Amino acid sequence: MNTHKLALPIIMLASMLLPASIYSQTISNSEFIQAQKSAEHFALSSKLQDVSKLKLALTDIEKHETRLLATERVFRLLTAQPPSFAHTSWLNSQLLSDDVLYIPNPDHPEQQLEVVNIAKQAKAVLEIWQYKEKAKTITEALASYRWQWHDFIAEQGKGKYAALSLALNDADEASLLWLQNELINSASFTQADNQLLVMLASLHASKALVAQVWENEADQYSYQLLQGIEQLFAKEEAIKQLNLASHNSQLASQAILKLTTVFIDDDSVQNKLLALLNEKDTAWHVAMAVCSSQHEGMIDKIMQLGRELSAILYVKRCMKEAL
Amino acid sequence: MKYLVMLLILFSNQARNETFTYTEINSDNGNIPLGYPVPIPVDSLTPVDGFRSYQSLDLRHQQLAAQTSLIERILIGETFNGRSIWAYKLSDNDEIKVSGGLEGSALINGGIHAREWQSPEAVTGYMEALFSGQANQHIEQYLLENLTLVLIPVLNIDGFLQTQRFFNKVTDLASYPREGRMRRKNMHAVDEDIQTLADNFHGIDLNRNNNPYWATNANGSSPDNSSLIYHGSSAASESETKALQQAAVVAGEDRLRFYTDTHSFSQIYFTPMTGDERRDNITFELANIMRAANSYKYQYGPSAAGSGIGSTDEYFANTYQIPSYTLEIEPLNSATEYGGFGVSHDGFILPNSEVNRMRAETTTAALAGLYAMSEPPVITGITILHLNEVIWQQEWQSADNSAELITVLEQALLADTPYQLQVSFNKPMRQVADSDVVAFSNLSQVQGINLYWQYLQNNEEKEVSITSNQGEWLLEGFRYYKTDSYLIDFQLPSDFDWQSITRLNLKVETTDMVGQKLDANPRTVADWQNGHWHQYENALGNVSDSGGVDQSMRLIDDNSALFPVVEPPKVESSSSGGTSSIMIFILCVIPLLSRKGLFN
Ligand SMILES: [Zn+2]
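Respectively, the protein sequence lines represent chains G and R. Going by numbering that gives the first Met the number 0, 262 is the number at position 263 of the first sequence; the sequence numbering is gapless. Going by numbering that gives the first Met the number 0, 186 is the number at position 187 of the second sequence; the sequence numbering is gapless.
Honestly, the hints are just simulated from the structure, not real lab data. Source: prediction; values computed, not measured. No incorrect hints appear here.
Here are some chain R residues pointing at chain G (derived, C-beta under 8 Å):
1. S26
2. G34
3. S55
4. Q61
5. I228
6. S352
Below are the DSS-like pairs computed for lysine-lysine, each with C-alpha atoms no more than 30 Å apart in a straight line:
7. G:K36 / R:K168
8. R:K168 / G:K131
9. G:K279 / G:K234
10. R:K88 / G:K279
11. R:K296 / G:K122
12. G:K279 / G:K319
13. G:K157 / R:K296
14. G:K122 / R:K168
15. G:K206 / G:K271
16. R:K88 / G:K315
17. G:K52 / G:K133
Just so you know, even glycine gets a beta-carbon here, dropped at the ideal spot from N, CA and C.
Generate coordinates for the entire structure from the input sequences, incorporating the hints supplied.
Following this line, the structure appears as structure tokens:
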């Protein structure tokens with residue numbers, strides 16, 4: 000038996016099997032960076048409208064990793080425009096793509112880190128298009144002041160927030176105010192979750208909406224809102240809101256830190272902090288906040304405190320060290 | 000020509016100055032939408048749904064330390080930019096375990112890689128759990144009283160602050176971001192401005208800066224200071240690396256028996272083998288325990304002995320011959336696991352909404368591992384009651400590394416008489432949730448104990464099972480900790496006759512909460528030495544790392560040998576020897592590689 004005669008069919012067989020193994024590819028970091036650079040050299044933005052031209056241009060890219068990165072870039076550009084039927088059907092067909100690019104995981108080089116995944120990216124683009132489509136209907140509804148908060152709150156799924164947020168980014172102040180008032184005056188107000196309240200309040204400061212967030216159980220949205228409260232309100236109102244937030248046990252330490260780092264020069268804030276230093280649940284939060292501030296105006300007031308909670312002793316000791 | 004190419008590459012590097020902004024959904028030019036809210040560092044002392052700023056984490060650690068003598072804040076060094084690096088020693092003030100013998104020590108490092116925000120939150124979570132459970136008479140209190148734990152919540156403070164400063168900004172490539180939120184390395188010779196591209200890629204990968212495999216692997220680390228895995232100018236060249244080594248001194252190097260470096264992501268326990276078979280097997284078993292804590296959703300990734308990349312887990316495994324891990328916290332692959340868009344590197348940005356759960360899960364796993372390494376379980380004493388009156392009490396009293404069986408109270412036992420037996424151990428033996436004893440994964444069950452009386456009566460060996468009844472692990476009336484004692488009713492059979500018995504002992508088959516069998520010879524106190532357990536005997540009285548059945552509690556002693564078959568000491572390892580550990584290695588690596596697509 001001549002082994003050379005066998006070699007060709009084996010190679011052919013192997014090459015038939017090969018495409019399947021090419022989809023998931025691992026390349027070195029430097030190859031990846033090179034591919035990224037060459038991917039940016041292809042003039043694809045001019046072809047975005049025409050899917051068949053786009054596909055052709057991508058197929059013409061010889062190197063697999065460059066093609067994947069160029070495809071990813073095209074996807075990113077496509078999110079900026081409304082899709083045609085051809086666009087959506089192309090993206091839908093990409094949901095089944097096996098094209099994935101890995102580089103070595105820096106933490107453990109024998110393990111792989113996924114850097115491009117065409118199916119995942121296609122799904123993201125389709126989602127963004129859906130949100131934008133939905134945002135368009137919301138914008139239209141708002142233009143004619145047609146809006147039922149009850150319906151929005153009852154609607155399931157996370158897409159509604161994304162769409163509303165996109166729509167409100169382009170909304171004028173009058174529509175925003177109208178929407179906020181509709182919510183505040185509706186029976187559904189107390190059912191509005193923090194995600195909605197924070198979204199509305201962040202676009203246009205509203206005392207009522209923000210105060211409702213502190214009333215609700217804290218979640219990621221409350222913390223993020225509180226973190227930027229001084230950008231939302233002028234000093235006096237911000238302090239008022241922080242005082243309110245300090246009564247929510249999950250938000251208390253954050254409110255106290257904010258009062259101390261931003262507003263401690265204010266007399267009313269100093270007195271509030273002293274009051275909270277005398278409360279068991281907040282004493283240690285105030286102690287840490289005031290210690291780290293080393294605010295001179297607080298030293299005398301702290302030293303005069305009588306009640307010897309351990310947190311008060313701690314803060315006295317650390318303020319003394321500053322003297 | 001070569002120079003020209005290099006120059007061109009260099010030039011194109013300089014010319015490109017693209018900064019991207021992470022957003023939730025906005026996909027305008029220059030944005031990278033994640034599909035979930037971009038976490039903003041929050042200044043909060045108490046845990047939040049999300050990530051705390053470094054400043055507030057640091058204050059939180061001080062706050063906990065200020066409120067208890069069980070947590071001590073210790074300076075271990077400083078960062079490149081001169082910031083103090085703090086370690087926290089969590090332990091009671093003596094160095095002795097409640098059952099006698101010296102405490103072991105453990106070290107857990109966090110925040111070595113700046114962008115891996117999961118890590119400082121997880122390590123802070125361990126501290127918060129131990130603080131709030133300090134008097135709970137269960138695992139947390141047990142750990143504080145029987146182990147010296149040293150935590151470093153954030154090692155690479157300079158880098159961590161840089162990622163928090165630019166919490167939504169990255170540069171330079173969208174699919175391969177390196178600076179801003181995605182900084183990994185320390186800030187050695189790097190300014191804090193992400194617009195100055197020249198130095199953006201600089202800094203040292205602190206997890207490549209370590210002996211014994213520093214700069215030995217061209218694929219695993221790099222001599223190029225712009226590489227993501229630049230190993231630095233020499234082993235331990237970085238002050239952060241020196242601080243980590245100092246933390247081992249704080250923990251007590253000769254007592255050290257556990258190390259974990261906490262990273263994210265990919266949901267796996269990486270660990271280097273050292274070639275010490277017993278240490279390697281214990282390392283495998285211990286990883287299993289920590290994985291069991293979260294239903295094995297974390298994977299296991301051992302790497303072969305004899306080579307490495309300069310990581311800290313290699314340093315601790317090889318310097319101290321202790322179980323040593325690189326824990327990569329979730330997600331497994333990317334944030335698509337939480338409904339995100341799956342953009343490159345989004346695994347480093349755990350959604351805010353997952354952080355509380357992640358903190359709780361990593362805490363359960365870490366505490367289980369520490370609990371396992373504190374000491375093997377051993378019987379400490381029995382009490383027998385009749386009509387609520389103690390009629391028999393016997394205890395192992397230990398001093399240093401040996402113990403003596405002392406009979407405090409004795410009275411003959413009678414046939415067909417209702418008694419209660421309480422057996423006590425050196426540690427809490429079961430998991431407790433909502434005031435109920437519960438199983439701990441598949442490692443221990445609600446009961447999970449077999450008790451027998453064995454006796455020699457008229458030269459005839461007899462064995463009577465006690466646990467045909469059901470007893471209970473005590474949540475009240477225990478010795479030191481909830482579930483350290485088991486209480487059960489029993490009666491001796493009609494033909495039991497105290498007078499004609501020449502030997503009577505209890506036989507105890509059980510495990511601790513994480514499935515470790517009993518130290519079968521309480522006379523010699525088990526401890527960790529030289530990469531394995533010392534004096535942790537199996538049922539035959541032989542050297543082991545996995546223990547066995549205890550028959551040491553003799554009520555009537557004929558002074559016969561406790562372990563009748565005297566064999567030359569031989570190692571019985573917890574799984575079964577060298578070939579099996581290789582098999583385990585292969586079996587673990589295959590699914591790992593195939594999952595990552597290498598075999599596709
Ligand atoms: Zn890492």
